[in-house]
Amino acid sequence: MTAEEYIKKINEQIQGIFDSSLDQNKDVINNGIDFSKSLQTWLEIIPEDNYKILLTNSIQSLELSIISQTYCLYRNAFSSLRLSMEMLFGGVFFSTATLDFIEWTKSSRDLNWSTINDLNNGVLSHRFCNAFFLELKDKNEEYYTKAKELYRDLSEYVHGNHHTWITESEALKIEEKEIILFNKSLKSFFEIANFVLCLRYLKTLKQSQLEQVEPIVMQTLNHVEPILQHLTSSK
Amino acid sequence: MAEIYYRTENIRPDELPNIIVKSQLENEIIESLKSNANLILEGSRGTGKSFLMKYACYQLEQNFETEKILPVYITFMASTLIHTTDTFQFRNWMIARSLRELIKSSLKRGLVFSNYASTLLNTETNSETSSLDNIIKAYEDSYKNPGTVIDATSLPELNDIIDALNDICEQNQIKGIYFFFDEAAHIFRPEQQRQFFTLFRDFRSPYVSSKAAVYPGVTHFGDTFEGIHDSVFKKLDRNILDPGYLSFMTEMVEKQVDQGKLTMINQNKELYNTAIFCSNGNPRILLKTTQGLQRISSSEIDTLIRNFYRNEIWAEHTLLGDKFKGHKVLIDWGRKFLEDTVIPSLIKKNFNEDGTIRTETSIYFWIHKDSPIQIREALRLLTYTGIIRKIDDGVKGTRSLIGTRYEVNYGVFLSQVNNPTRNSRELIAKLQINNFSEYGQNHAIYSDLIDKNIILENDEMLVASINNILDKSISNLDLSDWQKNKLINDAGLLTINDLINTSEQDLINKLEQVGVKRSRQMKNAAYAELLEYISG
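Chains A and B, in that order, give the protein sequences. Just so we're aligned, residue 1 is where the first sequence starts under our numbering, counting upward by one. Just so we're aligned, residue 1 is where the second sequence starts under our numbering, counting upward by one.
It is worth saying that the hints were derived from the structure and are not from the lab. Glycine included, each C-beta is placed from N, C-alpha and C at the ideal position. Just so you know, not all the hints are guaranteed correct.
[Claimed, not checked] Facing chain B, from chain A, some residues (calculated, C-beta under 8 Å):
#1 GLY16
#2 ILE29
#3 ILE33
#4 ASP34
#5 LYS37
#6 LYS184
#7 ASN222
#8 HIS223
#9 GLU225
#10 LEU228
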């Protein structure tokens with residue numbers, strides 16, 4: 001068997017389990033594409049700026065994570081989801097840090113998770129909150145912690161921690177445990193992403209734009225009173 | 001302390017099953033919401049309409065794979081078109097908004113009725129725009145530029161939309177698309193409400209149905225909408241005299257309060273029951289008042305009743321004045337009527353002079369069916385916040401006169417009684433629905449309101465609109481031709497304003513064959529025209 005034949009065999013094996021994986025991942029696919037479409041709506045209404053490339057990258061990475069998930073490439077799925085998260089947080093962070101963004105485009109600066117999700121200066125910091133949506137000051141810390149925990153969970157797959165390896169049998173197979181965990185992570189990211197975008201942009205939106213994002217925001221953040229208040233009082 | 005939810009908007013969908021309590025009433029409403037009938041669900045603020053709607057949606061979503069019913073929940077919260085005076089644009093906005101929500105709901109279920117912006121696919125998918133996308137775009141274009149004239153013939157008709165939805169259902173093996181309009185009518189003006197209910201009636205096919213939650217008293221269905229024929233009508237009212245009332249409300253509280261508070265409630269059940277009765281079957285009020293209780297003792301509950309039911313509950317009623325411009329006079333009169341006339345009269349009815357309770361008690365009153373329209377309007381507004389509840393029409397009073405029976409919110413009544421907690425149990429036990437105070441066709445207390453100018457607004461636009469109505473000819477009124485002829489030719493009254501400024505007695509004096517009844521009818525028609533406008 002040549003190297004190419006070997007890779008083709010793997011592809012056959014993956015294709016073989018793809019259909020039943022689609023069925024098992026129905027929720028993941030629906031949630032993921034809904035999420036992607038929601039981010040695209042946000043992207044449409046956020047004012048044009050160079051840093052938005054990171055938000056586009058985030059969507060792309062999100063969709064790649066879903067496709068990896070349906071191919072049972074779980075590690076890739078979790079890694080891509082983490083990258084999507086980094087891109088989204090990074091984009092919002094750069095929205096207020098042009099110099100950092102320019103350095104990033106010139107590869108002279110890395111996107112560092114501990115910088116973009118820092119309680120003092122990151123996108124869920126009190127500083128961001130004070131500047132963009134003061135009424136969320138009792139909530140930002142909760143989402144900061146949620147984001148931190150989700151990032152740590154996803155990182156376990158990137159770092160290859162022991163429990164992330166499928167060791168009992170073949171490496172490529174449908175794993176219910178992974179599907180449940182991925183779906184949970186996806187939902188959590190959806191909520192966090194919406195919160196980050198609300199914190200940064202909701203107050204800057206015009207009425208017609210608010211109307212566009214209202215169904216998206218209400219889907220995950222209906223319990224966050226200041227956001228609900230803002231949507232309601234704007235009518 | 002556990003988080004108490006008293007607004008459905010704050011509850012995450014997956015928490016709904018943990019906190020719902022269902023009696024036969026709730027079960028019936030949920031089943032109706034999940035059926036393919038067009039449904040109007042009426043209830044005062046805080047009775048749980050949104051909760052039941054959300055729960056029905058949640059269940060349909062959970063069972064989508066087997067039942068194939070797609071629920072679409074619409075709240076109209078951030079709405080640009082709410083203030084438009086162009087009804088054509090308003091209707092189009094409603095349609096576009098509903099269809100956008102449909103797309104959102106379909107996405108959640110993995111059904112594609114719209115194209116993706118395609119981030120990973122290299123092919124251009126946007127070229128094949130779906131029919132629903134076309135429809136939404138056409139409708140959105142029609143309202144995005146207020147003032148510009150839109151060629152209505154270029155828009156898809158409602159039938160085309162329904163056909164598109166039917167196709168979607170057939171193509172995706174969906175058995176139904178159910179639209180849930182939560183509090184939609186509430187934020188619209190009367191003219192918009194009529195538009196909404198016309199759309200609500202016409203937006204119907206074997207696959208498509210709609211449900212709307214409305215408040216009592218402040219909803220205008222319009223002439224073309226016939227409740228009985230066009231929809232199933234359900235009321236979300238809980239009667240404090242129902243045998244299961246206490247256990248139902250207690251269970252609801254048990255699901256939300258923390259252990260400490262629960263122990264406190266269980267140790268003082270009898271006292272807490274007074275608070276439950278006072279809430280008059282309104283979960284939001286009960287949860288709110290329970291959250292505020294630090295201890296449960298007679299004095300604590302008495303203080304709660306006095307503070308909440310004498311003051312706070314009225315605050316919401318007063319807010320109506322801000323929401324519905326021009327209502328202030330009606331709102332103030334309604335409160336005065338209840339506090340200075342109805343409740344004192346009920347207290348006399350319930351208590352002997354020595355302070356003991358009579359053999360039969362009452363929280364009910366009756367208003368003659370031909371009372372002035374301003375009076376009925378003021379009472380209608382009191383039903384919105386649940387301060388009173390309309391029980392039934394066509395009730396016989398003294399001398400077989402016919403009228404409407406109302407119930408005073410038990411908490412509001414009890415707040416005016418000495419030693420509320422001490423007297424509550426006996427008052428409740430002796431309540432008799434046929435025991436009511438009566439207010440006849442021309443009760444003296446009405447004159448306070450009838451003599452007042454009900455227009456106090458200084459909003460220029462509103463005044464201009466009202467002047468337009470006042471200047472309208474009497475021929476526009478909802479009266480018989482004979483009556484209009486009498487007013488115009490015999491009394492020489494030309495405009496609605498002329499009629500409003502003429503007293504009933506003058507009409508009787510000037511016009512042959514016009515007595516007490518007809519003069520009231522004529523005046524009522526003039527006020528009806530005006531009130532309908534300022535109701536929004």
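Now the hints, each set against the structure:
1. GLY16: violated, 23 Å
2. ILE29: With Cβ-Cβ at 6 Å, under 8 Å, it holds.
3. ILE33: holds, 7 Å
4. ASP34: Constraint on A/ASP34 satisfied, holds at 4 Å.
5. LYS37: holds, 6 Å
6. LYS184: Result: violated, 12 Å to nearest chain B Cβ.
7. ASN222: With a closest approach of 5 Å, the A/ASN222 hint holds.
8. HIS223: At about 5 Å, which falls below the 8 Å cut-off, the nearest Cβ of chain B leaves the hint on A/HIS223 intact, so it holds.
9. GLU225: Because about 7 Å separates A/GLU225 from the closest Cβ in chain B, which is inside the 8 Å limit, the hint holds.
10. LEU228: Cβ of A/LEU228 sits 6 Å from chain B, so the hint holds.
In terms of the numbered hints stated before, the structure departs from hints 1 and 6, listed from lowest to highest.
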